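Position chain B relative to chain A; hints supplied.
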Amino acid sequence: DSGVTQTPKHLITATGQRVTLRCSPRSGDLSVYWYQQSLDQGLQFLIQYYNGEERAKGNILERFSAQQFPDLHSELNLSSLELGDSALYFCASSGGLAGADTQYFGPGTRLTVL
Amino acid sequence: QKEVEQDPGPLSVPEGAIVSLNCTYSNSAFQYFMWYRQYSRKGPELLMYTYSSGNKEDGRFTAQVDKSSKYISLFIRDSQPSDSATYLCAMTPGGSYIPTFGRGTSLIVHP
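The listed protein sequences correspond, in order, to chains A and B. Per my numbering, residue 1 is the first one in the first sequence, and the count goes up by one each step. Per my numbering, residue 115 is the first one in the second sequence, and the count goes up by one each step.
Next comes chain A alone, as it looks inside the complex (with noise of 0.2 Å):
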C-alpha cells in the first residue's frame, strides 16, 4: 500500500457527461501529480499540483482541470468526455516540489466512457 487513495476505483459513464476523480496524497506529501494510462499512449502526465498551486503542465487536455484543495487532496475533472478518454487515470504523490523525488502512485480510477 503506498499510501495514496483514489475514489472511486471504477467509473462507467457516458460521451458528453462531466466526471471527478478524488486522490488524497500520503501524508505530508505536498505534490500531487495526475497521470492517465491508456493501451495505445502508455503512462501519460497530465498535471502536477504543489501545496496548491499549479506547477507543470503535461499533456491535458482543455476539457481536463484539476485543483488541490487546502487539505492537500486533489481532484480531477473530466468534462464532454468521449469515447478516446476511456482509461486508467492514477494519481501520485511526493513530499518535494522539484529535483531527485520519489513519486508513489495511487491504486487508479478506471473510466469508462460509453
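If you're looking for bench data, these hints aren't it; they were derived computationally from the structure.
Not everything, but these chain B residues come out facing chain A in the computed CB check (under 7 Å):
1. Gly157
2. Pro158
3. Leu160
A short list of chain A residues far from chain B (calculated; beta carbon distances all over 12 Å):
4. Pro8
5. Asn51
6. Glu62
7. Arg63
8. Ser65
9. Ser79
Remember, predicted model here, so these are calculated numbers, not experimental data. Where a beta carbon is used, it is the ideal one built from N, C-alpha and C, also for glycine.
Positioned in the frame of chain A, the structure of chain B alone reads:
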C-alpha cells in the same frame, strides 16, 4: 520517434531465469532513471532509482545505466512467478520531477 522506447513484450521466461529488461532514450538531458513494476489493475510501484551512469543493486534486482549509449537495463536474478508484471522505465532531467515513461514490458515468469 518517442523519447523513451521500450519493447512491450510479452517476455516469457521459466522460473529461476535471469531476466533483462531494457529501454533506450533520445534526450541526453535525462539524469535520473527509474524502474517501476505494475501488477495488473494496480498502480506503478517504484523498484529502482539511479542517478547518471553506473550500476545499482537491490536484492535480486540490478539497474544499469549507460548514458553514452542512452540505454538502461533492469536485471532480475532468480526470477519468480510473483515477478510477473509490467515493468516501466522512467527518466527525468535534473531540476524537475516530471518523468517520461516507457510503454512498459510485460514479463511472464512461468513455474
